[in-house]
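Colleague: So you can see what is in the structure, the chains are spelled out below.
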Amino acid sequence: MKKFLGVLRYEYSMSIRRRSLLVIMFLFAAFFIYLWADAGVQFQQREDDITQALLAEAAQTVFFLNLFFPVIVGVSSADRAVRDDKLGVREILRSTGLGNFVHVLGKYFGVAFSMLTVELVIVILISTILVTLSALPLAFVLYSLLAVMLISAPAIFFVTAFSLACPLVMPVRVYQIMFTGYWYWGNYLSPQVLPTVSNTLLNASGRFPMIAFFGEKVATNWASVSHTEAVANILILLGCAALALTAMIAYLNWREKRA
Amino acid sequence: MSRLNYTFQAFQKDHFWLPVAVMGLFMLITLLMTGDRQYSVVRAFLGFTLPLLAGGLSAYTFLEDSALELQFATKRPAWKMIAERLGLVLFVIVFVSLTFQLFIQLLGVSLSPLGNVFQRQLVWFVPCLTTLVLGGAVSLMARNSNGGMAAVGGLWIIQILLRGWFAREPVWRNVLLFYGVMDPLGQPRILNQITLTVFSLLLLVAAHTLLKKQERYI
Amino acid sequence: MIEIKNLHKTYGSGPKAVTALKGIDLSIEQGMYGLLGPNGAGKTTLMRILAGIVHASAGSVWVNGNDMKTDQGRRQVKAQLGYLPQELGLYPDLTARQFVDYMAILKGVDDPQLRKKRVQAVLEMVSLLDVADRKIKGYSGGMKRRVGIAQALVNNPRILIVDEPTAGLDPEERIRFRNLLVELAAKRFVLLSTHIVGDIGQTCRNMTVLSKGEVRYQGNPAELTQLAKDHVWTITSPDGAKPNAGLTIVSMQHMPEGVNYRVVGADVGRYPQAVQEQPSLEDGYVWLMK
Chain A
1 MKKFLGVLRY
11 EYSMSIRRRS
21 LLVIMFLFAA
31 FFIYLWADAG
41 VQFQQREDDI
51 TQALLAEAAQ
61 TVFFLNLFFP
71 VIVGVSSADR
81 AVRDDKLGVR
91 EILRSTGLGN
101 FVHVLGKYFG
111 VAFSMLTVEL
121 VIVILISTIL
131 VTLSALPLAF
141 VLYSLLAVML
151 ISAPAIFFVT
161 AFSLACPLVM
171 PVRVYQIMFT
181 GYWYWGNYLS
191 PQVLPTVSNT
201 LLNASGRFPM
211 IAFFGEKVAT
221 NWASVSHTEA
231 VANILILLGC
241 AALALTAMIA
251 YLNWREKRA
Chain G
1001 MSRLNYTFQA
1011 FQKDHFWLPV
1021 AVMGLFMLIT
1031 LLMTGDRQYS
1041 VVRAFLGFTL
1051 PLLAGGLSAY
1061 TFLEDSALEL
1071 QFATKRPAWK
1081 MIAERLGLVL
1091 FVIVFVSLTF
1101 QLFIQLLGVS
1111 LSPLGNVFQR
1121 QLVWFVPCLT
1131 TLVLGGAVSL
1141 MARNSNGGMA
1151 AVGGLWIIQI
1161 LLRGWFAREP
1171 VWRNVLLFYG
1181 VMDPLGQPRI
1191 LNQITLTVFS
1201 LLLLVAAHTL
1211 LKKQERYI
Chain Z
2001 MIEIKNLHKT
2011 YGSGPKAVTA
2021 LKGIDLSIEQ
2031 GMYGLLGPNG
2041 AGKTTLMRIL
2051 AGIVHASAGS
2061 VWVNGNDMKT
2071 DQGRRQVKAQ
2081 LGYLPQELGL
2091 YPDLTARQFV
2101 DYMAILKGVD
2111 DPQLRKKRVQ
2121 AVLEMVSLLD
2131 VADRKIKGYS
2141 GGMKRRVGIA
2151 QALVNNPRIL
2161 IVDEPTAGLD
2171 PEERIRFRNL
2181 LVELAAKRFV
2191 LLSTHIVGDI
2201 GQTCRNMTVL
2211 SKGEVRYQGN
2221 PAELTQLAKD
2231 HVWTITSPDG
2241 AKPNAGLTIV
2251 SMQHMPEGVN
2261 YRVVGADVGR
2271 YPQAVQEQPS
2281 LEDGYVWLMK
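Here the protein sequences come in this chain order: A, G and Z. For what it's worth, the working numbering labels the leading residue of the first sequence as 1, then goes sequentially. For what it's worth, the working numbering labels the leading residue of the second sequence as 1001, then goes sequentially. For what it's worth, the working numbering labels the leading residue of the third sequence as 2001, then goes sequentially.
Honestly, the hints are just simulated from the structure, not real lab data. Treat the numbers as computed from the prediction; the structure is a model and nothing was measured. Note that beta-carbon positions come from the ideal geometry of N, C-alpha and C, so glycine has one too. The reader is advised that the hints may include incorrect statements.
As the list claims (entries may be wrong) - Which residues of chain G face chain Z? A few of them, derived with a C-beta cut under 8 Å, are: (1) Tyr1006; (2) Gly1035; (3) Arg1037; (4) Gln1038; (5) Ser1040; (6) Arg1043; (7) Ala1067; (8) Leu1068; (9) Glu1069; (10) Gln1071; (11) Ala1073; (12) Leu1107; (13) Arg1163; (14) Gln1214; (15) Glu1215.
Construct all of the structure, not just a fragment, from the sequences and the given hints.
Modeller: Structure (structure tokens):
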């Protein structure tokens, strides 16, 4: 456990310290706030059920952030595992007796939590601005955090796992480009345009939990989603992440045996 | 010529095979489609996918050079290095685009909705040029290839998802990478293409200034 | 002639700024010149400034009449430069021949026939001809270092700057390369930066010791050696107890009669059994840095 926490702490601080990526994330978030402000707040018209209206607003805010945030998460996490090879650290780590299972898990949670921290900071910032400017109840900030946990966090855990594993078997840049394309194709593209998984439970955009738990539909033609489907969606994403990590550990073990 | 050949062999092999593989995939999808959907796939490849490939590859073209310090110790000026590296990516993108268009012609899919031969080249070339220079310039600015890729990826996904909003806004549509392919015959596309080209040139100047500060990268 | 006056280099700004060089004055003439100093002394920064890769924060650097402050001056110097960085990066998918050929092209050796000859010659110089057509990714550390040396020599440079060139080389190769540098220095500027004191002693007519960004010594290796005269001793300790503070242990050897310590220091009064020794260059360096 101590080793796991040690790796987690190290990976967390290494991942979150990248100033250039933080600047890019916050620049996109600022643009997002601009867009949101430009669109105008519709909240006042829906005062019949204040809690529901607040939840819906929070869900929509996080869902829109989720349009691009996981792309930056995927791109910036992609070098985290391969850098161990690049910097020659993996050989040293192997000599310490640290197993791949503990190392991969520590790295995974360290990177994922660092990304989640950034998103939480952005969401707190946005929701606080909304609370201040639109005189919304303070509960809106809490609802936004809840929305992050249900809508965005599963995507972050899903994306981080693949971003650590895939670049071990392909060049980082190839993965990053393919991943960016996938994020659009697999989550937002209509199946009428091209065959896609966007309407299946593999959708990682947060659409399923947003509709089921927050009752919010961004587009009127979106089908209703049951609680069971939303839970299944989250579990499938986390299951895929677990599979990717298992494959990663198996690959590292195999590589070590061959070395 | 042998210099380009070495540059290519040294560290940019996937700069060639990734666009070619993606082109192959889109060719296959086009073959599987019929009627208007074939044209949609062509549009998706030329107007939407190629700019992502150009930007993503250029983000890695400068700093992922394992012998960067040795390269800096030669007398070659910064502009030559930029021309060589970005030019190589652009060359591959142009090659892939023209090959794909030739394939589409052979299939008998009409590209006339994208305008005449010259206009339809601008539809993909201008956004590719913009993302190409953006990827390179931001990675130099951030001293990190990931930074360049994050900027290209973030911009691409935001613009593709909010393209409707961008296209409706009279000011913002001028920086929409996909405006040319969305409104290939409309008058506003000219201003859009001029704006994107001016941005590209400004970013090129920025990249040149940044690359001259060699100590930032070693 | 290389003229360095009041050279300062600071990385970053504000409270996190790191000063790597603090007012260096040096005058280097044709031949072999050594730079010695502990890690972080500023040797690599100085080498990079002379190679035109890093810009000075203040002061002036003139190399063969070229002002390193100007783009033009840096380009002129780079045109006559052979450079081997401390952290050498190569292209693993190229063969040694291709890599050296590529570097020759980048350095402006445009004539293909001449280039081919030069590549062949330098690969022979570093004993890599047998494996020249194998990809670099299969090379050992020492072989990669030799590829680095070959690329530095391929344009027949007037100025050769080599940072830790012998790191990773086996003893025979190290001697061969040292001799090669001395041969080359007959008609060139050769700047050698190293931690290996012996390499400087064997090759350089003049040298500088840098410490914490400042010049601690400038002169020839023999004079540096003489600085430690009357301060080098061998102390035999039957019970193995180490000589105490104030003395720097340069080496130790377990013998049947106890442990022999070679020490450098001013006062060995507490050790009547101490035997005075002839200083070496390493002793001189240790005495200087004390």
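Colleague: A separate judgement is required for each hint: does it hold in the structure or not?
Modeller: Going down the list of hints, with the structure as the test:
Hint status for G:Tyr1006 relative to chain Z: holds, with the closest Cβ pair at about 4 Å, below 8 Å. A least Cβ separation of about 45 Å between G:Gly1035 and chain Z goes past the 8 Å threshold, and the interface hint is therefore violated. Hint status for G:Arg1037 relative to chain Z: violated, with the closest Cβ pair at about 41 Å, above 8 Å. A hinted interface residue such as G:Gln1038 counts as satisfied when its beta carbon comes closer than 8 Å to some beta carbon of chain Z; here the least separation is about 38 Å, so the hint is violated.
Because the smallest distance between the Cβ of G:Ser1040 and any Cβ of chain Z comes to about 39 Å, over 8 Å, the interface hint for this residue is violated. Of the supplied interface hints, the one on G:Arg1043 is violated, with its beta-carbon coming no nearer than about 36 Å to a beta-carbon of chain Z, more than 8 Å. The criterion of a C-beta within 8 Å of any C-beta in chain Z is met by G:Ala1067, whose closest approach is roughly 5 Å, and the hint holds. The closest approach between the C-beta of G:Leu1068 and any C-beta of chain Z is roughly 7 Å, which is under the 8 Å cut-off, so the hint is satisfied.
Checking G:Glu1069 against chain Z by beta carbon gives a least distance of about 5 Å; that is within 8 Å, so the hint holds. For G:Gln1071, the suggested interface contact is upheld, since its CB lies about 7 Å from the closest CB of chain Z, less than 8 Å. The criterion of a C-beta within 8 Å of any C-beta in chain Z is met by G:Ala1073, whose closest approach is roughly 4 Å, and the hint holds. For the restraint placing G:Leu1107 at the interface with chain Z, the shortest Cβ-Cβ distance is roughly 36 Å, beyond the 8 Å limit, so the hint is violated.
With a least beta-carbon distance of about 39 Å to chain Z, the hint placing G:Arg1163 at the interface is violated under the 8 Å criterion. For G:Gln1214, the suggested interface contact is upheld, since its CB lies about 5 Å from the closest CB of chain Z, less than 8 Å. For G:Glu1215, the interface hint holds, since its Cβ comes within 8 Å of a Cβ in chain Z; the closest pair sits about 4 Å apart.
Consistency note: the structure conflicts with the earlier hints numbered 2, 3, 4, 5, 6, 12 and 13.
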